[in-house]
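A.B. asks: Spelled out, the chains give:
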Amino acid sequence: MKTLSLSSLIMLVLISTAQITFANDGKYMDAMQKNIKVVYTSDSIAELQQAVNTLERIAAAEKTKWEPFYYASFGYVMMSNNEKEGAKKDVYLDQAMKAMNKAKALVPNESEVVALEGFIYMMMVTVDPASRGRQYSGLALQSFGKAVELNPENPRALGLLAQMQFGMAQFFGSPATEACATNSKALEKFQSYKSENPLAPQWGKGMVENMVEKCK
Amino acid sequence: MKTLLTLVFSGIIWTAACQTKVSGTVTNEQGEPIPFANIILVDTYDGTTSDAEGHFEFTTAETGNQVLAIKFVGYTDIFQPVVLDGKAITIQAKLYEQVSELSAVTITAGSFMASDESRRTIFRAVDIASTAGATADIAGALNTLPGTQKVGETGRLFVRGGDSNEARTFIDGMAVLDAYSPSAPNTPSRGRFLPFMFKGTSFSTGGYSAEYGQALSSALVLDSRDKAEATRTDIGILSVGGDIAHTQAWDRGSIAGKIQYTNIRPYFGLINQEIDWDVPPVSLEGIGAFRHDVGKQGMVKVYGNFTQTDYSLYQHSIDDDNLKYHYDLANRYRYINGFYKNTLSEKWMMRGGVSYTYQQNRTNIEGREINEVDKGAHVKTVFEGSLSDKVELKTGVEVINHDYSQAFDEIADPDFTLSFNEVITASFVEADLYASNKFVTRIGARAEYNTLMDQASIDPRISLAYKTGAHGQVSFAYGKFRQTANNQYARINNNLDPEKAEHFILNYQRVENNRTFRIETYYKRYNDLVKYVNDDPLDLNNAGNGYAKGVELFWRDNQSVDNLDYWVSYSYLDTERNYLDFPSASVPYFASAHNFSLVTKYFVQAVKSQLGFTYSYTSGRPYNNPNEEKFNSGTTPYYSDLSFNVAYLPTSSVIFYFSCTNLLGRDNIFGYEYSNQLNDAGQYSSRAIRQPAPRFVFLGIFITFSKNKSINQLPTL
Numbered sequence: 000m001k002t003l004s005l006s007s008l009i010m011l012v013l014i015s016t017a018q019i020t021f022a023n024d025g026k027y028m029d030a031m032q033k034n035i036k037v038v039y040t041s042d043s044i045a046e047l048q049q050a051v052n053t054l055e056r057i058a059a060a061e062k063t064k065w066e067p068f069y070y071a072s073f074g075y076v077m078m079s080n081n082e083k084e085g086a087k088k089d090v091y092l093d094q095a096m097k098a099m100n101k102a103k104a105l106v107p108n109e110s111e112v113v114a115l116e117g118f119i120y121m122m123m124v125t126v127d128p129a130s131r132g133r134q135y136s137g138l139a140l141q142s143f144g145k146a147v148e149l150n151p152e153n154p155r156a157l158g159l160l161a162q163m164q165f166g167m168a169q170f171f172g173s174p175a176t177e178a179c180a181t182n183s184k185a186l187e188k189f190q191s192y193k194s195e196n197p198l199a200p201q202w203g204k205g206m207v208e209n210m211v212e213k214c215k
Numbered sequence: 000m001k002t003l004l005t006l007v008f009s010g011i012i013w014t015a016a017c018q019t020k021v022s023g024t025v026t027n028e029q030g031e032p033i034p035f036a037n038i039i040l041v042d043t044y045d046g047t048t049s050d051a052e053g054h055f056e057f058t059t060a061e062t063g064n065q066v067l068a069i070k071f072v073g074y075t076d077i078f079q080p081v082v083l084d085g086k087a088i089t090i091q092a093k094l095y096e097q098v099s100e101l102s103a104v105t106i107t108a109g110s111f112m113a114s115d116e117s118r119r120t121i122f123r124a125v126d127i128a129s130t131a132g133a134t135a136d137i138a139g140a141l142n143t144l145p146g147t148q149k150v151g152e153t154g155r156l157f158v159r160g161g162d163s164n165e166a167r168t169f170i171d172g173m174a175v176l177d178a179y180s181p182s183a184p185n186t187p188s189r190g191r192f193l194p195f196m197f198k199g200t201s202f203s204t205g206g207y208s209a210e211y212g213q214a215l216s217s218a219l220v221l222d223s224r225d226k227a228e229a230t231r232t233d234i235g236i237l238s239v240g241g242d243i244a245h246t247q248a249w250d251r252g253s254i255a256g257k258i259q260y261t262n263i264r265p266y267f268g269l270i271n272q273e274i275d276w277d278v279p280p281v282s283l284e285g286i287g288a289f290r291h292d293v294g295k296q297g298m299v300k301v302y303g304n305f306t307q308t309d310y311s312l313y314q315h316s317i318d319d320d321n322l323k324y325h326y327d328l329a330n331r332y333r334y335i336n337g338f339y340k341n342t343l344s345e346k347w348m349m350r351g352g353v354s355y356t357y358q359q360n361r362t363n364i365e366g367r368e369i370n371e372v373d374k375g376a377h378v379k380t381v382f383e384g385s386l387s388d389k390v391e392l393k394t395g396v397e398v399i400n401h402d403y404s405q406a407f408d409e410i411a412d413p414d415f416t417l418s419f420n421e422v423i424t425a426s427f428v429e430a431d432l433y434a435s436n437k438f439v440t441r442i443g444a445r446a447e448y449n450t451l452m453d454q455a456s457i458d459p460r461i462s463l464a465y466k467t468g469a470h471g472q473v474s475f476a477y478g479k480f481r482q483t484a485n486n487q488y489a490r491i492n493n494n495l496d497p498e499k500a501e502h503f504i505l506n507y508q509r510v511e512n513n514r515t516f517r518i519e520t521y522y523k524r525y526n527d528l529v530k531y532v533n534d535d536p537l538d539l540n541n542a543g544n545g546y547a548k549g550v551e552l553f554w555r556d557n558q559s560v561d562n563l564d565y566w567v568s569y570s571y572l573d574t575e576r577n578y579l580d581f582p583s584a585s586v587p588y589f590a591s592a593h594n595f596s597l598v599t600k601y602f603v604q605a606v607k608s609q610l611g612f613t614y615s616y617t618s619g620r621p622y623n624n625p626n627e628e629k630f631n632s633g634t635t636p637y638y639s640d641l642s643f644n645v646a647y648l649p650t651s652s653v654i655f656y657f658s659c660t661n662l663l664g665r666d667n668i669f670g671y672e673y674s675n676q677l678n679d680a681g682q683y684s685s686r687a688i689r690q691p692a693p694r695f696v697f698l699g700i701f702i703t704f705s706k707n708k709s710i711n712q713l714p715t716l
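Just so you know, the protein sequences line up as chains A and R, in that order.
Using numbering that gives the first Met the number 0, you'd call the opening residue of the first sequence number 0 and step up by one each time.
Using numbering that gives the first Met the number 0, you'd call the opening residue of the second sequence number 0 and step up by one each time.
Isolated chain A (complex conformation) (with noise of 0.2 Å):
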């Protein structure tokens, strides 16, 4: 029941990209941070696939690193938005959910990690808003919700739940005012983020950005 428009989000996700720096350490970064930008940038599916594969092949021989399954979740995401038939949509997004609980069993508390969740969840409300709205948008929020309880620095987490508020809010054609300062709180912390962790996502700077001219 609850139609949000996500459609144009994931556009927004993969505009921030742009300015991915990494520092270089070794075989394990090298293979990485190849990969990692074409799930950030490739629209085909042909080529995400082929990322993902090479990813899943580090997940499996670097047994400890959440990254990798994370990056491997995230290429399915993008697949499946790059895929038009719904059938298809739900096998590449239940991948997406696979390789997101691998990565969830290595570092069960990751902000990052349990945002991603989130954000699986929300597009497979994309896949039939009608009947799996009402479900998938409270799962998605709760992942919200604890992704930002985790670690409140995480503007990813805040950017998301600030898509879910205003979605909320325009359904019920209220004032997208609680969304709008989630938004701005999501922005600020763009701004101060830091990781120390090379590999940490980069990703939903635009999501945020965009939205902020939709609260003006």
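Source of the hints: derived by calculation from the structure; they are not laboratory data.
The reader is advised that the hints may include incorrect statements.
Said to hold, decoys possible - Computed beta-carbon distance windows for the label pairs:
{"hint": "1", "chain 1": "R", "residue 1": "Phe704", "chain 2": "A", "residue 2": "Glu148", "range": "19 to 25 Å"}
{"hint": "2", "chain 1": "A", "residue 1": "Ala45", "chain 2": "R", "residue 2": "Val82", "range": "30 to 36 Å"}
{"hint": "3", "chain 1": "A", "residue 1": "Gly25", "chain 2": "R", "residue 2": "Thr75", "range": "31 to 37 Å"}
{"hint": "4", "chain 1": "R", "residue 1": "Ala444", "chain 2": "A", "residue 2": "Ala45", "range": "32 to 38 Å"}
{"hint": "5", "chain 1": "A", "residue 1": "Lys33", "chain 2": "R", "residue 2": "Ala444", "range": "54 to 60 Å"}
{"hint": "6", "chain 1": "A", "residue 1": "Glu148", "chain 2": "R", "residue 2": "Gly297", "range": "21 to 27 Å"}
{"hint": "7", "chain 1": "R", "residue 1": "Phe704", "chain 2": "A", "residue 2": "Lys215", "range": "52 to 58 Å"}
Computed from a predicted model, the values in this text were never measured in an experiment.
Note that the Cβ used here is the ideal one computed from N, Cα and C, for glycine as well.
Given chain A's structure and the hints, the job is docking chain R onto it.
C.D. replies: Below, chain R without anything else, positioned relative to chain A:
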């Protein structure tokens, strides 16, 4: 020293030179190429992805004994040992399709699944709650599906020519005795369990799993919700009472409680009723639910329902309206259900539970008291898992204890207590055998031993399903079913055999692009039905029998028109039975040949409201006119009803809900009652059984308080 250096050097040189080329092709069983398969040299970064023709090629600097893994979504992984020594390796990998939940065929004969969790069901849990005319009653909503016959004066489920007691309800696999609230004679009752409690519903109109016994016609299997996610308080202000509920949620569990008070009196004061109430129904209901996670995937659930309902009314004589009898009912109902599930290993899980139902009906007819007590306990354990990729097994044991008594208080003589006690010990086993994603066979059997008639039995069940294409499938089901005779007969003759039925069902279903089409045909044979010996209701045997056959259609479409969701169902039924006092095989009073429903739900974004209309039609039902020579020769007028509901959401946490049945005000007649004595004209006088009021109007305001403002009670309406 020199030799050592040489050794070290030659080692280095040898390693550097040793690049092994690995190439090959990935295909499926039919030899068709699989692109995008992941080729992994295990525990290294090396590997590649197969191309459009299924080819792959990569070189690796790794050496020695290694394992090459080949993986693709929907197929079983292959692990191939390889020796890397510089010599090129070629591999022809054939992947076998996995039987997966998303692509495998499912058995659909006789079954309507509704689930919030599965994304492939054609009927959802929320559909039940929001069907106009059903006023959030599970049976009311299921009555719009094919396979049901509307029997308006009872409000209960009647499936495929079966009586309402042939349809049994199970919550989390555990039996429920009498799932309906008490109602005045000839007025519809409501289900005791509200649809919002459940995340999934499986409504089977025949051929169901060997797990479910003691049901001749239908198994309604309800799966309760898991732990609540958010702490919240809900208040409902209704035109017929009010309720308050609170849910406390924490990380690993939740506890919820609800108290509901219903008093129809003010409503009846406004709207004239056919019934001469002395004290209209007043009920107080308390519900409690506790949920807690166990381990990684396990869960404990406890649910309790405590209800008391009281009312009294005057029944008027058919012959003389001034002659009336006082009828008073006090109903006490308790239901407790405990459920446990956990995984045993990666492939096996167990679930089990205990349920206990206690129901007391104390009636007082003109000072004559009758006390009826019905108690049921059910204990069950089930193991489920897969023996291989293509074989799934489910097996379990259960014990059902049923204790019934009816006592006349005024007569202390215990001979006037009619009672029975039965203990049923049952075990079942069922296997799903997948030949491929396209074809599945389910074979099962249920063994029972019943102490009441000291009988052991085995009932086979079998179903098949075959995918005819990407969207269509054919399904067949056969099964034997048995059920102890209804309380009112078993209490008279404790030695009655169980009644038996056999189902044959053939189904075709096509789901494409949010549109569903179903057609189903069936034949059902009844045996050992309870029969009066020489028309004496106190002398019973199992000489009755009967049949039912029919064709049913279902169409659902939520694609063609934006924001509109609708379904249409039609059932044709041909049934006759010779049981109880029937002089010969004839159509029972609850059977109607044609049933039609159209359910629509339309969301209007501009006014933030969901509107729903439901139209139902039921052709005339037979009734017996003692003035006629032929039995059951009368036919009532057809039944029709147009209902409306609207849910309006002014903010995200408040809902206004309004519903009205029978907008057109049709005077539906469900049958006729006859006097048991001849009047002056030498005839038996009659009286029509009508709706208690032409319309039922309901207004409610539902408010939710929670930290998360987007939560509301919409899913509960």
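A.B. asks: Are the hints correct? Go through all of them and say.
C.D. replies: These are the hints, each one checked on the structure:
no.	hint	in the structure
1	Phe704/R - Glu148/A: 19 to 25 Å	holds, 21 Å
2	Ala45/A - Val82/R: 30 to 36 Å	holds, 32 Å
3	Gly25/A - Thr75/R: 31 to 37 Å	holds, 34 Å
4	Ala444/R - Ala45/A: 32 to 38 Å	violated, 50 Å
5	Lys33/A - Ala444/R: 54 to 60 Å	holds, 57 Å
6	Glu148/A - Gly297/R: 21 to 27 Å	holds, 25 Å
7	Phe704/R - Lys215/A: 52 to 58 Å	violated, 32 Å
Checked against the numbered hints given earlier, the structure breaks hints 4, 7 and satisfies all the rest.
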